[in-house]
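Student: I would like the entire structure built from these sequences, with the hints used as guidance.
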Amino acid sequence: MTPELLASWIIRNDDDLLVINKPGWVVCHPSKNGPWSSLVGACREYVGLERLHLVSRLDRETSGLVILAKHKEMASILQSAVEHRKVHKLYYTILKGKLEAPVDVDQPLAKDINSPVYVKQIVREDPTAQSAKTRFEPISSNNDYTFAKVIPTTGRKHQIRTHALWLGHYVIGDKLYGPDETLYLEFIEKGWTPRLENQLPLKRQALHSAEMLFEAESFKETFSAPLAEDMIQFCKQHQLA
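Mapped onto our numbering, the consecutive letters of the sequence shown carry residue numbers 4 to 244.
Hints were generated in silico from the structure; no laboratory data involved. Wrong hints could be hidden among the right ones.
What the hints assert, rightly or not - Dumping the calculated SDA-like pairs for lysine to any residue here, alpha-carbon to alpha-carbon at most 25 angstroms:
# : residue 1 : residue 2
1 : LYS160    : PRO197
2 : LYS101    : GLY171
3 : LYS73     : TRP12
4 : LYS160    : SER134
5 : LYS193    : LEU205
6 : LYS206    : LEU188
7 : LYS123    : LEU199
8 : LYS123    : GLU192
As the list claims (entries may be wrong) - Label-pair distances were calculated between CB atoms; the ranges are:
#  : residue 1 : residue 2 : range
9  : GLN133    : GLY100    : 23 to 31 angstroms
10 : GLY51     : GLU224    : 20 to 28 angstroms
11 : TRP195    : THR131    : 29 to 37 angstroms
12 : ILE116    : ASP18     : 41 to 49 angstroms
13 : GLU224    : GLU7      : 26 to 34 angstroms
14 : ILE116    : ARG60     : 22 to 30 angstroms
15 : HIS241    : SER83     : 37 to 45 angstroms
Using N, Cα and C, we set each Cβ at its ideal position, and we do this for glycine too.
Tutor: Below, the structure written as structure tokens:
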């Protein structure tokens, strides 16, 4: 990552906030490989601040909106809005198969105790499960894929991906919640392999955080991030408007 590249991702940069349209494959959290190896580390260097408050975060492969507050006061306002569900989020995704109509998924999520992948979630009733609600709305589809709008009303770990798999329309490119969870383990161990190339039509999970609407009393604003280029190209190649 370079300062010039980071600058091209910036949506807003003022005294209170730094808002980024993160590409897929960029890690949010600081790592041991130096400040420019993670988004937060790079942003600190770019704006010249020792500390930034990560208000919204994304998985490494997910693209889209990442919001960082530059001081405690703004961080407190935005984090309180998140905690009190005064934030409305919109994602775009590409699903496997044809999703015929909008659908609301209201299914609890818990750790998948039968998976070799420690972080994996699953839909199941369990004392440890958390309620989770996601709405999927098809925008364009064919027999192979669906370009869809996703509106989560809760913010559970891996919620959209887990609910998509439960629907029978997993997020394409998803190594963990896609056609075979062992693809995730293979990728971690060996990187991109011919087997992954054969089973995954996109090298990353096709999930993009497109919009966040804050409706707190002291902060009312909408942030938007244009769709990632790899998802745009996939939609064009497969005649998905």
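Student: Tell me if the beta carbons of GLN133 and GLY100 are separated by a distance inside 23 to 31 angstroms.
Tutor: Holds: the Cβ-Cβ distance is about 27 angstroms, inside 23 to 31 angstroms.
Student: With respect to the beta-carbon atoms only, verify the hint that GLU224 and GLU7 lie 26 to 34 angstroms apart.
Tutor: holds, 27 angstroms
Student: Given a hint of 37 to 45 angstroms, does the C-beta separation of HIS241 and SER83 actually sit inside it?
Tutor: Holds, at about 41 angstroms.
Student: Could you see if the CB distance from ILE116 to ARG60 stays within 22 to 30 angstroms?
Tutor: The hint (22 to 30 angstroms, Cβ to Cβ) holds, given that ILE116 and ARG60 are roughly 25 angstroms apart.
Student: Take a quick look at whether LYS206 and LEU188 sit within 25 angstroms of each other, Cα to Cα.
Tutor: holds, 15 angstroms
Student: Can you confirm whether the C-alpha distance between LYS160 and PRO197 stays at or below 25 angstroms?
Tutor: Roughly 29 angstroms separates the two Cα atoms, so the pair is violated.
Student: For the pair we were handed, LYS160 and SER134, check the Cα-Cα distance against 25 angstroms.
Tutor: OK: LYS160 and SER134 at ~11 angstroms, within 25 angstroms.
Student: LYS123 and LEU199: Cα distance at most 25 angstroms?
Tutor: Between LYS123 and LEU199 the Cα gap is close to 19 angstroms, so the pair holds against 25 angstroms.
Student: Need the status of pair LYS193, LEU205: alpha-carbon distance at most 25 angstroms?
Tutor: holds, 17 angstroms
Student: Take the C-alpha atoms of LYS123 and GLU192, compute the straight-line distance between them, and say whether it is at most 25 angstroms.
Tutor: Cα-Cα ~17 angstroms, so holds.
Student: Hey, LYS101 versus GLY171, does the alpha-carbon distance stay inside 25 angstroms?
Tutor: holds, 10 angstroms
Student: Sort out whether TRP12 lies within 25 angstroms of LYS73, counting only the CA atoms.
Tutor: The hint holds at about 17 angstroms.
In summary, the structure is inconsistent with hint 1 from the numbered list given earlier, while agreeing with all the others.
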